[in-house]
Amino acid sequence: MKTLLKLIVFIVGALVLMLGMEVKHRMDMYDQVKQVELKNAHSKEVIEMYEQELTSMDPQALTDEGFIRSYTIDSDSLFINPMGGFSIHLIINDDPDIYLRVGLGRYDMERNLEIDSSYRSEKLEKLLKGVER
Numbered sequence: 001m002k003t004l005l006k007l008i009v010f011i012v013g014a015l016v017l018m019l020g021m022e023v024k025h026r027m028d029m030y031d032q033v034k035q036v037e038l039k040n041a042h043s044k045e046v047i048e049m050y051e052q053e054l055t056s057m058d059p060q061a062l063t064d065e066g067f068i069r070s071y072t073i074d075s076d077s078l079f080i081n082p083m084g085g086f087s088i089h090l091i092i093n094d095d096p097d098i099y100l101r102v103g104l105g106r107y108d109m110e111r112n113l114e115i116d117s118s119y120r121s122e123k124l125e126k127l128l129k130g131v132e133r
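Numbering (this note's numbering), first residue to last: 1 to 133.
One or more hints might be untrue.
To be verified - The list that follows gives simulated cross-link-like pairs (lysine-lysine, DSS-like), each with its CA atoms no further than 27 Å apart:
{"#": "1", "residue 1": "Lys24", "residue 2": "Lys44"}
{"#": "2", "residue 1": "Lys24", "residue 2": "Lys34"}
{"#": "3", "residue 1": "Lys44", "residue 2": "Lys34"}
Stated by the list, open to error - Ranges between beta-carbon positions, derived for each pair:
{"#": "4", "residue 1": "Met18", "residue 2": "Ser75", "range": "31 to 39 Å"}
{"#": "5", "residue 1": "Leu38", "residue 2": "Asp94", "range": "16 to 24 Å"}
{"#": "6", "residue 1": "Ile8", "residue 2": "Glu45", "range": "51 to 59 Å"}
{"#": "7", "residue 1": "His42", "residue 2": "Tyr107", "range": "19 to 27 Å"}
{"#": "8", "residue 1": "Pro96", "residue 2": "Val12", "range": "41 to 49 Å"}
{"#": "9", "residue 1": "Lys126", "residue 2": "Asp64", "range": "14 to 22 Å"}
{"#": "10", "residue 1": "Met83", "residue 2": "Leu38", "range": "41 to 49 Å"}
{"#": "11", "residue 1": "Asp28", "residue 2": "Met1", "range": "37 to 45 Å"}
In short, the hints are calculated from the structure, not lab data.
The C-beta atom is built at its ideal place from N, Cα and C for all residues, glycine as well.
Start from the sequences, fold in the hints, and give me the full structure.
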């Protein structure tokens with residue numbers, strides 16, 4: 001009876017250890033993907049896409065005459081899309097309540113990033129109300 005109990009404890013312990021190793025492996029893989037996507041979020045090509053999106057909302061964006069004078073990329077808001085791509089906040093005019101959440105996806109054969117969605121915060125909507133028709 002004691003040997004059976006020892007065998008069961010050994011098997012359960014081995015299963016718990018294997019499960020823990022798998023969880024650790026998946027967490028490491030997620031961190032690697034997140035670092036790659038953060039690097040992509042700050043790349044020149046993607047920054048150009050952000051600026052095109054901002055100028056489509058406000059033609060005078062990123063100038064002194066525009067409502068959108070500056071933006072920063074909020075790296076802490078990065079969300080990895082399980083289907084490929086990510087979304088991230090662009091904080092407008094250094095006000096965390098004014099942001100644009102931009103979703104980027106990979107849809108072509110070369111897996112290039114392109115903007116597939118954007119969400120404006122309520123304050124950004126109010127700010128741009130006079131700009132758009």
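Check your understanding: Does 37 to 45 Å hold as the CB distance between aspartate 28 and methionine 1, or does it fail?
Key -> 41 Å, holds
Review point. Given a hinted range of 41 to 49 Å, is it respected by the beta-carbon distance of methionine 83 and leucine 38?
Key: 18 Å, violated
Review point. Using the C-beta atoms of lysine 126 and aspartate 64, is the stated range 14 to 22 Å upheld?
Key: 20 Å, holds
Check your understanding: Is it true that the C-beta distance of methionine 18 to serine 75 lies inside 31 to 39 Å, as the hint says?
Key -> 34 Å, holds
Check your understanding: Taking the beta carbons of leucine 38 and aspartate 94, is their distance inside 16 to 24 Å?
Key -> 20 Å, holds
Review point. Are lysine 24 and lysine 44 close enough, with their CA atoms no more than 27 Å apart?
Key: Roughly 33 Å separates the two Cα atoms, so the pair is violated.
Check your understanding: Are the Cα positions of lysine 44 and lysine 34 separated by 27 Å at most?
Key -> 18 Å, holds
Practice item. Starting from lysine 24, check that the Cα of lysine 34 is at most 27 Å away, please. Key: This hinted pair holds, its Cα atoms lying about 15 Å apart.
Check your understanding: Can the suggested window of 41 to 49 Å be confirmed for the beta-carbon pair proline 96 and valine 12?
Key -> 48 Å, holds
Check your understanding: Holds or violated: 19 to 27 Å for the Cβ distance of histidine 42 and tyrosine 107?
Key -> 21 Å, holds
Point to revise | glutamate 45 and isoleucine 8 - C-beta distance against the hinted 51 to 59 Å | key: Check passed, 56 Å falls within 51 to 59 Å.
In summary, the structure is inconsistent with hints 1 and 10 from the numbered list given earlier, while agreeing with the others.
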